[in-house]
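A.B. asks: Sequence:
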Amino acid sequence: MSTIRQTVITFLLMHLVFITYARVSEPITGYITNTQGAKIAYATAVLKEIGNTAAIVATATTDENGTFSLKMPDKATNQATYILEVHHLLYNTYVSEPLTKQELTRTALHITLQDKTNMLSTVTVEANKPIIERRGNALRFNISGQEHLKGRSLEGILKNLPGVTLSPGGALQLFGKGGVAVFLNEDLQPLDPRELQAYLSSIDYSIIESIEIIPSASADADASFSSVIRIRTKTRLANLYSSNTLRFEHAIKPSIYYSNLTSLPVKNSTFNVFTSYSKVNKFEFNSYKRTSGNMLYMQETENNIQPHVLSVEPSWRHTFQNKSSIVAYSKFSFIDEEIATTGHSAISGIGYLQNINTTVNHSDKITAGVNYSLPLGKSNPSGRKLILAYDYSHNNLPAEYASVSSLTTSDQPEPSPFFAINTRPDAFLRLHIAKADYVAEKEKFTYKLGAKATTVDYENKFEVDAALNSRWVQDSLNFREYRYQESTYAAYASVTLKPFKSFDATLGLRGEQSSLGNSFDTRQQTLDTSYFQLFPSANLAYTFANGNLFGYNLTRRINRPNFNQLNPTLFLTDPYTYLRGNETLLPQVTTINELFFILHKNSVFSVSHTHVNRYIAQFPFQQGAYLELSPQNFAYRRTWTLYGSNQTSIAPWWQLSSDASVYNASVRFGDVKQRATSFKFGLRNNLTLPMALHANVDFQYEGPGINGIFERQQYYTLAAGIRRSFLEEKLTVGISANDLFYSFKIKNSLLSETESIQLTQRFNSRLLSVSVNYVIHKAKGQRINKATDEELQRF
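Under UniProt numbering, the sequence shown is numbered contiguously, ending at residue 795.
Hints are computed from structural coordinates only; laboratory data are not their basis. It is possible that some hints are incorrect.
[Claimed, not checked] Below, in silico cross-link-like pairs of lysine-lysine (BS3-like), each with a Cα-Cα straight-line distance of 27 Å or less:
no., residue 1, residue 2
1, Lys-101, Lys-48
2, Lys-673, Lys-730
3, Lys-601, Lys-730
4, Lys-385, Lys-444
5, Lys-71, Lys-48
6, Lys-101, Lys-234
7, Lys-444, Lys-673
8, Lys-601, Lys-745
9, Lys-39, Lys-673
10, Lys-435, Lys-39
11, Lys-501, Lys-448
12, Lys-498, Lys-442
13, Lys-498, Lys-444
14, Lys-39, Lys-501
15, Lys-448, Lys-385
16, Lys-39, Lys-448
17, Lys-501, Lys-435
18, Lys-673, Lys-601
19, Lys-71, Lys-501
20, Lys-435, Lys-601
21, Lys-673, Lys-745
[Said to hold, decoys possible] DEER-style ranges, computed between Cβ atoms:
no., residue 1, residue 2, range
22, Lys-673, Lys-444, 42 to 52 Å
23, Gln-565, Ala-38, 33 to 43 Å
24, Ala-41, Arg-430, 44 to 54 Å
25, Tyr-447, Asp-528, 42 to 52 Å
26, Lys-673, Leu-540, 32 to 42 Å
27, Ala-453, Phe-550, 20 to 30 Å
28, Glu-64, Lys-673, 33 to 43 Å
29, Glu-728, Leu-246, 13 to 23 Å
30, Ala-545, Ala-41, 33 to 43 Å
31, Gly-517, Ala-545, 49 to 59 Å
32, Arg-668, Leu-642, 47 to 57 Å
Computed from a predicted model, the values in this text were never measured in an experiment. Beta carbons are placed, not taken as given, at the ideal position from N, Cα and C, and that holds for glycine.
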């Protein structure tokens, strides 16, 4: 307790000192150049008072034009003397002669820095950059140098940024909206929410330079991205750099309920390995291996799933004497998954007792999943850049699935065959992606031009046999081969303007021509769809003199159905319920209009309207004795959202982030309409504890609402984690849990009088995670960028 009391007293004394120095008078202004007259950005200017044991009284960082502004304390006297220091990684430190207040404030200072002749083997720079900067249509959060973030993982930092929300299920939202694409430098991270959360938690604070948030994706982004988060790593601080993470996850009591009869509790354990190795200007090697053992308990026996994924990503970079560069990059992914399942379930019917014993024998082997990527990039000091990229992916997916049900009643105590289905699919997936991007930067504007072509070929050959009352009958699907083909050709143009200092705008237009084809071996016709879509985007922002920001976003995006939503084959969840794709499903198109306001660089407020045309959501159909759950195109979904978030410091060891939103959503499917107003909020506490421990405690609540035509009940969750670094922050160990009290239970319910359907769905998940990260870096280097990777989005 005495330690806490001392900490609080120390904080109060420091706070009083800070308030005393915070009362400022005349500023010290100036600009910094090198010996060739070029302006130097991100140099750190430090003002020290000589008569106060060289105490630091003010600091500032130069902007992109090399200018800085230091504020002197009100108590500064004309008799006091000061020295001005300027620090930068690439230049010798500048130290002025002793100067008085009048000499410092009389006129703008011009300081010239000398080039360093001998570079140090290892140098770390901590600069006081602004926490939030406006860069084109992006909000840039400078992470490097923010001491209160030290010891945290990228996941912990990201979910505490203003405007960012990370759900207990791992899904990201920006300004209260989904559809977020995450890039690490130039690489898209096409992982599902859980895998992405695991990957982000493996990246340590020490290598992060900044995080850029783009609430409204511009025309150069893929039309399926509503918003973008781009994580920039530091220019490599090592000629040799390696980051290695081991992560273990165990799910406790998760379960999936697709219908009233289904009860599928799942036990899941996942082991992840993330490895990266790079040597500057030569090559970079990254690998990702995931091994998991899933146990699906239908009641007595278990389902064992053991997928093994190994991904290797070597790249090579060469920089020419004129500073132009060329990059080659390849990715190889190998997937091997085997599933063997047996299970039993007992279900009580309504009105009389019946026991249905379901036995499932399921073996699945996925092999030969290989992705190749070859991007070539060339850039030069004038700000022009050309990137050409080609990606190819081929995956074979053979499998076998069998489900047999037996019925036991009081009149017939011995089980008798009731229903059986045997499926033997043999599928493959091929993707070809080619793209070109050209960027040119001028003094007051930047323009981008680009084109992209994507072809997808998916084929699923399978055999289906069904048995009814002990007799095998003809399969009910009436076809044995399904093929899906997609071709998309896109072109875009965007421009970022800054006509005057306080206003900037990013305007863009993207056009896409898409052709889709669904074919079946037993049907004469092919379900073809061809359409052309325009996707305008606009981002306008005005920065006030005090740094507050007001802006407007417009974006139009498209979400195409994936293979699971299109594939019309069956997946049985119980003897009376099955999931089935919809081969006639059309893409949904989303238009978002948004006003936002950023206050004091740590608070975000927004109001937005989202209209989704041909909204895709699951819909239940009663098919005789069976319930079919299938994705359908709704007429629309409309949402009004009022959102706010804030960051504050309760104490030097306690940082608090909060967000809240109120939204009204309405959907329509034929004559079925749903409308609801809901509320959600979250609190995220980040604590710096004794013994160099860093902890987080997060709470999230969401009230009742709608999910498609389902009514969703309220839920809340409490998550916590703790991390500690060792060996001069090279080794980091952490443990976390996303749902301490097993309260994150998403429950959907539907009562349809027209369809006579009573349906309840529940999805629960609680994860316990342990991670170990070790980083090696030696000497000085630079970052290696790679091109965008999109293959895994298709699964």
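A.B. asks: Against this structure, judge whether each hint is valid.
C.D. replies: Tested hints:
1. A hinted pair counts as satisfied when its Cα atoms are at most 27 Å apart, and Lys-101 with Lys-48 qualifies at roughly 12 Å.
2. Restraint check for Lys-673 and Lys-730: not satisfied, since their Cα atoms lie roughly 56 Å apart, outside the 27 Å limit.
3. This hinted pair does not check out: Lys-601 and Lys-730 have alpha carbons roughly 32 Å apart, beyond 27 Å.
4. The suggested pairing of Lys-385 with Lys-444 holds, with an alpha-carbon distance near 17 Å, which does not exceed 27 Å.
5. Straight-line distance between C-alpha atoms of Lys-71 and Lys-48 comes to about 12 Å, which keeps the hinted pair within the 27 Å bound.
6. Only pairs whose Cα atoms come within 27 Å are accepted, and Lys-101 paired with Lys-234 is rejected, the gap being roughly 37 Å.
7. This hinted pair does not check out: Lys-444 and Lys-673 have alpha carbons roughly 49 Å apart, beyond 27 Å.
8. With a CA separation close to 35 Å, the supplied pair Lys-601 and Lys-745 exceeds the 27 Å bound.
9. Only pairs whose Cα atoms come within 27 Å are accepted, and Lys-39 paired with Lys-673 is rejected, the gap being roughly 60 Å.
10. Of the supplied pair hints, the one linking Lys-435 and Lys-39 is violated, its CA atoms being roughly 35 Å apart against a limit of 27 Å.
11. Restraint check: the Cα-Cα separation between Lys-501 and Lys-448 comes to about 21 Å, which is no more than 27 Å; the hinted pair holds.
12. With a C-alpha separation of about 11 Å, the suggested pair Lys-498 and Lys-442 falls inside the 27 Å cut-off, and the hint holds.
13. Distance restraint check for Lys-498 and Lys-444: the Cα-Cα separation of roughly 6 Å lies within the 27 Å cut-off, and the hinted pair is therefore satisfied.
14. Of the pairs offered as hints, the one joining Lys-39 and Lys-501 holds, with about 18 Å between alpha carbons and a cut-off of 27 Å not exceeded.
15. Between the alpha carbons of Lys-448 and Lys-385 the distance comes to roughly 10 Å, so the proposed pair stays at or under 27 Å and holds.
16. With a CA separation close to 26 Å, the supplied pair Lys-39 and Lys-448 stays within the 27 Å bound.
17. A C-alpha spacing of about 34 Å is found between Lys-501 and Lys-435, which places the hinted pair above 27 Å, so the restraint is violated.
18. For a cut-off of 27 Å, the pair hint linking Lys-673 to Lys-601 is broken: about 41 Å separates their Cα positions.
19. With a C-alpha separation of about 22 Å, the suggested pair Lys-71 and Lys-501 falls inside the 27 Å cut-off, and the hint holds.
20. Under the criterion of a C-alpha separation no larger than 27 Å, the hint pairing Lys-435 with Lys-601 is inconsistent with the structure, at around 36 Å.
21. Taking the CA atoms of Lys-673 and Lys-745, the gap is near 25 Å; set against the 27 Å cutoff, the hint holds.
22. Checked against the given bound of 42 to 52 Å, the beta carbons of Lys-673 and Lys-444, roughly 50 Å apart, stay inside it.
23. Roughly 54 Å separates the CB atoms of Gln-565 and Ala-38, a value that falls outside the hinted 33 to 43 Å.
24. Checking the proposed 44 to 54 Å range against Ala-41 and Arg-430 shows it holds: the Cβ atoms sit about 46 Å from each other.
25. In this structure, Tyr-447 and Asp-528 break the distance hint of 42 to 52 Å, their C-beta atoms being roughly 36 Å apart.
26. Hint check: Lys-673 to Leu-540, Cβ distance near 35 Å, so the stated range 32 to 42 Å holds.
27. For the pair Ala-453 and Phe-550, the beta carbons lie near 39 Å from each other, so the given range of 20 to 30 Å is not met.
28. At roughly 52 Å, the beta-carbon separation of Glu-64 and Lys-673 lies outside the given 33 to 43 Å, and the hint is violated.
29. Separated by about 20 Å at the C-beta atoms, Glu-728 and Leu-246 satisfy the suggested range of 13 to 23 Å.
30. Range check, Ala-545 to Ala-41: about 22 Å between beta-carbon atoms, so the 33 to 43 Å window is missed.
31. Checked against the hint of 49 to 59 Å, the pair Gly-517 and Ala-545 passes, with Cβ atoms roughly 57 Å apart.
32. Distance hint check: the CB atoms of Arg-668 and Leu-642 are about 23 Å apart, inconsistent with the given range 47 to 57 Å.
Going through the hint list in order, the structure does not satisfy hints 2, 3, 6, 7, 8, 9, 10, 17, 18, 20, 23, 25, 27, 28, 30, 32.
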